[in-house]
Amino acid sequence: MKSELYACAHAAEFPAQALLRLRPDLATQPVAVLEGRAPEETACALNWKARQQGTAYGMTRLDAESIPGLRLLARSAQSESAARAVFLECVAQFSPRIEEASRGTACAFVLDIDGAERLFGPPEKMAQRLRAALAAAGFRTSIAVSANFHTARMKAAHSRGISVIRAGEEAGALASLPISALVLDADQAETFAIWGIRTLGELAALPEAELVTRLGAEARAWSALAHGRAAHLFQPVEPVLALEEFCEFETPVEQIDSLLFVAVRMIDSLAARANGRALALAALTARMKLEDGSWHERIIRPALPSVDRRFLLKLVHMEIGAHPPQAAVVSLLLRAEAGQASQMQLGLFAPEMPEPSKLNVTLARLKAIVGEDRVGSPALDDTHRADSFRMKGFVAGSSADALNGLSQRVALRRVRPPEPLSVVLRAARPIAFRNLARRFEITEAYGPWRTSGCWWSMDAWDGEEWDVLTTEHDGTAVACVLTHDLQRNTWNLEAFYD
Amino acid sequence: MSTAAVLRLQIERSLADRFPAALSPAPKTIREVAATGIRAVDELLVGGLPVGAISELTGPESSGRTSLALAFVASRIAEGRVCAWVDGNDCFDPESAAANGVCLSQLLWVRCRNVEAKPKQREQRWARLDQALRATDLLLQAGGFAAIVLDLGATAPEHGNRIPAATWFRFRQAADRARGSLVVLGRAAYAQSSAAVALECSGRQARSAGGTVLSGLEYEVTRRRERFSSLPQGMRMPESPTTGLSRWGGKPPVSTWTALPAWEAVRRA
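Protein sequences, first through last, are from chains A and B.
Quick note: the first sequence, position 370, residue 370 per our numbering, numbers continuous.
Quick note: the second sequence, position 18, residue 18 per our numbering, numbers continuous.
Where hints are given, some of them may not hold.
Short, incomplete list of chain A residues facing chain B, as computed with Cβ under 8 Å [claimed, not checked]:
hint, residue
1, ALA328
2, LEU412
3, ARG450
EDC-like cross-link-like pairs, simulated, lysine to aspartate or glutamate; straight-line CA separation at most 16 Å [stated by the list, open to error]:
hint, chain 1, residue 1, chain 2, residue 2
4, A, LYS289, A, GLU248
5, A, LYS289, A, GLU238
6, A, LYS358, B, ASP130
7, A, LYS367, B, GLU218
8, A, LYS392, A, GLU419
9, A, LYS314, A, ASP257
10, A, LYS49, A, GLU35
11, A, LYS367, B, GLU158
12, A, LYS49, A, ASP25
Keep in mind the hints are simulated off the structure, nothing from the lab.
Built from N, CA and C at the ideal position, the CB exists for glycine as well.
All chains should be built: construct the whole structure from the sequences, respecting the hints.
This is the structure:
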């Protein structure tokens with residue numbers, strides 16, 4: 001017969017845990033999660049501090065607000081969904097066969113850990129590691145290990161910490177559990193209450209045949225559960241890698257620093273999950289819902305996939321700092337794309353290049369200083385129009401199209417935008433010009449060089465270029481390029497030869 | 001051992017606790033240099049511009065400083081490295097760079113801009129200068145750039161001279177750590193003692209073909225400062241008839257070179 005061993009990880013008060021795992025600032029405060037429509041909201045999940053202060057399930061908002069210091073949060077289905085995915089992914093590190101056993105406001109997964117001893121050690125040690133991994137992801141859980149599926153499930157749901165139940169000791173371990181551990185309707189629960197049966201141990205002590213005679217066929221299943229011998233057909237779920245984290249704020253957030261305080265936990269979680277699969281984060285999408293109902297989205301793509309939390313946070317900071325949301329943020333969704341962890345092969349004789357991650361941050365900082373579109377590599381447009389280029393993203397690396405055959409050519413220094421001039425002409429040739437500050441006498445003028453293009457569009461240009469040598473009042477000779485726009489009949493100082 | 005050597009040894013031993021090796025000349029550090037790609041200038045600098053130090057190219061418009069800087073950047077990129085051009089006044093011309101052999105994809109161009117919130121022209125100049133200095137600082141700290149050109153060629157000297165000496169000192173340290181050359185283009189020398197090399201550029205004459213076409217400009221480069229000369233003291237610079245390098249006769253060494261217009265390259269190709 002095949003041996004069986006199951007471990008159940010149970011997270012109680014999951015609506016509260018899902019909200020608090022990304023908010024360490026609330027960890028020490030009493031928190032109650034409300035659900036339902038305003039103003040009829042009721043408390044559905046509480047943390048330990050809130051229970052200590054007398055908060056109870058089903059309490060209305062009005063009652064809850066009367067408790068001093070109690071923080072009230074709205075239940076968020078999206079936060080729970082994201083947290084559940086994180087929970088599932090975390091337990092999936094320990095076993096590929098997982099079945100969900102969530103009930104009510106709790107989130108629970110039962111893992112088939114048969115044969116995992118060789119990887120994770122004995123059940124006690126494995127349970128400790130599982131609990132520690134879930135704690136690192138921000139979940140407070142109870143773990144139960146048993147050879148019986150339902151025993152592990154029920155024990156984890158009604159105990160704290162770690163319980164390891166040896167084979168044959170199931171009934172004893174379950175004896176102290178309340179009868180509510182079984183799925184009973186109101187009539188059945190009332191019947192047991194009248195009989196004075198409050199625990200599974202008391203139920204297990206009843207003769208099964210008599211029980212079935214009085215309560216029907218369901219009683220056989222209850223008895224089996226109470227004895228810890230109920231059979232179960234395992235139905236595994238497949239964890240899907242969805243690198244998403246969601247956080248809804250109780251009040252709209254205006255400060256970027258406050259936003260990043262939450263984002264750092266989200267990045268941590270995403271990086272850890274990707275790292276668990278030997279992957280890295282290749283792109284991060286920050287999607288913010290704003291107070292006015294609109295969305296603000298920024299995409300951050302590091303030069304190389306990375307799991308470096310500080311580096312990723314810096315990039316998110318720079319990006320959101322450069323493109324801040326136009327209104328206060330109501331919720332933040334961070335979605336990551338996984339990529340292969342970067343591995344750079346360095347060459348002994350290869351020239352030194354900027355470190356990709358450092359360069360990424362540097363470029364983001366430069367863009368914050370001078371503007372998004374003013375940092376990069378220039379690329380020439382395929383046109384004869386003067387000063388026509390576009391900016392491309394800068395990627396460091398030895399280029400295949402590196403130019404050879406160096407030669408000394410006169411460089412131009414562009415005047416952007418071209419400076420309007422008043423020009424003195426003689427026999428249709430410029431002899432002097434003046435700008436706002438200075439007058440230049442032209443000693444030599446070479447030209448005109450006609451240039452035109454795009455006559456079929458609104459973007460047409462038609463003009464003349466002159467290479468002129470001038471002398472300033474102090475005798476300094478300057479060579480520059482003047483343009484004469486024939487369409488508008490204007491003269492401009494286009495560039496200096498330098 | 002000669003008497004002089006024995007005597008020197010005795011003096012050094014007696015002063016050893018106060019002045020280690022008092023009479024021995026300090027070992028000369030040989031600085032790494034990178035060729036500018038212009039033969040005349042390389043001969044003037046005995047190899048090229050220093051690596052891990054600040055070099056200043058000064059002069060007015062049409063003095064050839066931009067062409068010289070471009071030639072240097074082109075030669076560094078041709079070695080498979082990357083360079084950066086911090087454009088303090090948005091004057092850089094990509095076409096000229098490409099004509100000088102610069103692989104544009106390996107050049108990071110930072111274009112400083114006017115700040116809209118500060119409409120006054122005077123404040124905008126300061127804003128651009130501030131941007132250029134901050135960008136240079138960031139690039140030097142990031143490391144990995146073989147050459148960083150800080151182009152303050154259109155910045156007025158009265159503004160450039162107000163850059164604190166501490167900034168240049170920091171740049172010098174950072175360039176040394178990053179093993180990159182920081183080339184400063186300006187109308188005057190701003191880095192002063194922090195610069196390892198200062199070259200003064202000036203235009204000599206324009207060449208024309210048949211009096212109708214500007215066919216080249218001749219430039220003159222004067223070495224004003226060289227912190228780490230690789231020539232032993234007292235040694236004279238050899239004369240080169242091909243490059244027009246002058247003798248070292250008490251005056252600063254001068255070299256001339258000629259740059260052709262970009263269309264000439266197209267015609268020859």
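Structure-based check of all given hints:
Annotation: interface hint on ALA328(A) violated; nearest CB of chain B at approximately 23 Å, more than 8 Å. Because the beta carbon of LEU412(A) sits about 4 Å from the nearest beta carbon in chain B, less than 8 Å, this interface hint is met. For ARG450(A), the interface hint is violated, since its Cβ never comes within 8 Å of a Cβ in chain B; the closest pair sits about 14 Å apart. A threshold of 16 Å between alpha carbons decides the hint, and for LYS289(A) with GLU248(A) the separation of about 9 Å falls inside it, so the pair holds.
With a CA separation close to 30 Å, the supplied pair LYS289(A) and GLU238(A) exceeds the 16 Å bound. Distance check on the hinted pair: LYS358(A) and ASP130(B) sit about 22 Å apart at the alpha-carbon level, beyond 16 Å; violated. Taken as a hint, the LYS367(A) and GLU218(B) pair is broken in the structure, with Cα atoms around 38 Å apart against an allowance of 16 Å. Taking the CA atoms of LYS392(A) and GLU419(A), the gap is about 27 Å. The hint is violated against a cut of 16 Å.
With a CA separation close to 12 Å, the supplied pair LYS314(A) and ASP257(A) stays within the 16 Å bound. For the hint pairing LYS49(A) with GLU35(A), the CA-to-CA distance comes to about 19 Å; that exceeds 16 Å, so the pair is violated. Straight-line distance between C-alpha atoms of LYS367(A) and GLU158(B) comes to about 28 Å, which puts the hinted pair past the 16 Å bound. Distance restraint check for LYS49(A) and ASP25(A): the Cα-Cα separation of roughly 14 Å lies within the 16 Å cut-off, and the hinted pair is therefore satisfied.
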